[in-house]
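Next come the chains, spelled out residue by residue.
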Amino acid sequence: DVKVTQSSRYLVKRTGEKVFLECVQDMDHENMFWYRQDPGLGLRLIYFSYDVKMKEKGDIPEGYSVSREKKERFSLILESASTNQTSMYLCASRTGGVYEQYFGPGTRLTVT
Amino acid sequence: AQSVTQPDIHITVSEGASLELRCNYSYGATPYLFWYVQSPGQGLQLLLKYFSGDTLVQGIKGFEAEFKRSQSSFNLRKPSVHWSDAAEYFCAVGAPDSSYKLIFGSGTRLLVRP
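Taken in order, these protein sequences are the chains called A and B.
First residue of the first sequence: 1, per the numbering used here; consecutive thereafter.
First residue of the second sequence: 1001, per the numbering used here; consecutive thereafter.
Hints may be right or wrong, so weigh each one.
To be verified - Below, computed lysine to aspartate or glutamate pairings styled on EDC-like, alpha-carbon distance capped at 16 Å:
id	chain 1	residue 1	chain 2	residue 2
1	B	Lys1061	B	Glu1015
2	A	Lys3	A	Glu100
3	A	Lys18	A	Glu62
4	A	Lys55	A	Glu30
5	B	Lys1101	A	Glu30
6	A	Lys71	A	Glu30
7	A	Lys71	A	Asp26
8	B	Lys1049	A	Glu100
9	B	Lys1061	B	Glu1088
10	B	Lys1101	A	Asp59
11	A	Lys53	A	Asp28
12	A	Lys71	A	Asp51
13	B	Lys1101	A	Asp51
14	B	Lys1101	A	Glu56
15	B	Lys1101	A	Glu100
16	B	Lys1049	B	Glu1066
These aren't lab readings, by the way, just hints derived from the structure by calculation.
Turn these sequences into a full structure, and let the hints guide you.
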C-alpha cells in the first residue's frame, strides 16, 4: 500500500512565523503535490514537484515556497505565516505517467 | 480551461437508500475523471476512475459512476448507503494535455440518517 505521511495533523502558529510542513512518501513516486483545502473551494494546487529539486507553481503559490532535496520528501514552507493561510494542507504523490494521486491525512494549520 | 462543478454542497440520505452525487465538467475532449472520498479527519482516497472504454465504472466500497459525454457528466452512485459512507466526496478532472494536474470540484458532503 502507498503511504503518504505528513509531519503534523494539527499545527498552531503565530502571525509572522516561518512554518514548515513536511510530507514523506514511501513508494518511490516521482511526483509530489501540495494542496490547500478550504470549505466550498475544494482542493487548490499550491506547488508541484516532478522530480528532486524540480518544482512548478500551481494555482495559488503566493506566500508559499517548497523544497524537495530527496525523492521521498516534499516540504511546504510559509515564509511569514498570515491568518489567511489558516487552512487544511494536503500532500499527495504519484508515479510518473499515471494520474492517480495518493494523499496524506492532511495538516490543519491555524495561524493566530 | 477545464473546470469541475459539483452542484450539491450537502446531501442527506437515509441509511439503505440509494445515492447519486452529481459532477459536471468542462473540457473540449474526453478528460480523465475521478471520484475521491474524504472521511472526517482523513486524506482523500480514490474511489474510482474513468479513462476510456465502458462508460460505467465500478469502484471500491460498492460505488459506481457513469460517464455521459453528451451531458459532460460523471455522476457517482451507490444503490444502498451505509452509515460509514458519510464523508465528503470530490470529483476531479485530469486533462490529457495537462499531465500532472487534477482539477477538483468543491466537494459534496454526504450525511446519512439512521
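Okay, the hints, checked on the actual structure:
{"no.": "1", "hint": "B:Lys1061 <-> B:Glu1015", "in the structure": "holds (15 Å)"}
{"no.": "2", "hint": "A:Lys3 <-> A:Glu100", "in the structure": "holds (14 Å)"}
{"no.": "3", "hint": "A:Lys18 <-> A:Glu62", "in the structure": "holds (15 Å)"}
{"no.": "4", "hint": "A:Lys55 <-> A:Glu30", "in the structure": "holds (11 Å)"}
{"no.": "5", "hint": "B:Lys1101 <-> A:Glu30", "in the structure": "holds (14 Å)"}
{"no.": "6", "hint": "A:Lys71 <-> A:Glu30", "in the structure": "holds (7 Å)"}
{"no.": "7", "hint": "A:Lys71 <-> A:Asp26", "in the structure": "holds (9 Å)"}
{"no.": "8", "hint": "B:Lys1049 <-> A:Glu100", "in the structure": "holds (8 Å)"}
{"no.": "9", "hint": "B:Lys1061 <-> B:Glu1088", "in the structure": "holds (14 Å)"}
{"no.": "10", "hint": "B:Lys1101 <-> A:Asp59", "in the structure": "holds (10 Å)"}
{"no.": "11", "hint": "A:Lys53 <-> A:Asp28", "in the structure": "holds (15 Å)"}
{"no.": "12", "hint": "A:Lys71 <-> A:Asp51", "in the structure": "holds (7 Å)"}
{"no.": "13", "hint": "B:Lys1101 <-> A:Asp51", "in the structure": "holds (15 Å)"}
{"no.": "14", "hint": "B:Lys1101 <-> A:Glu56", "in the structure": "holds (11 Å)"}
{"no.": "15", "hint": "B:Lys1101 <-> A:Glu100", "in the structure": "holds (10 Å)"}
{"no.": "16", "hint": "B:Lys1049 <-> B:Glu1066", "in the structure": "holds (10 Å)"}
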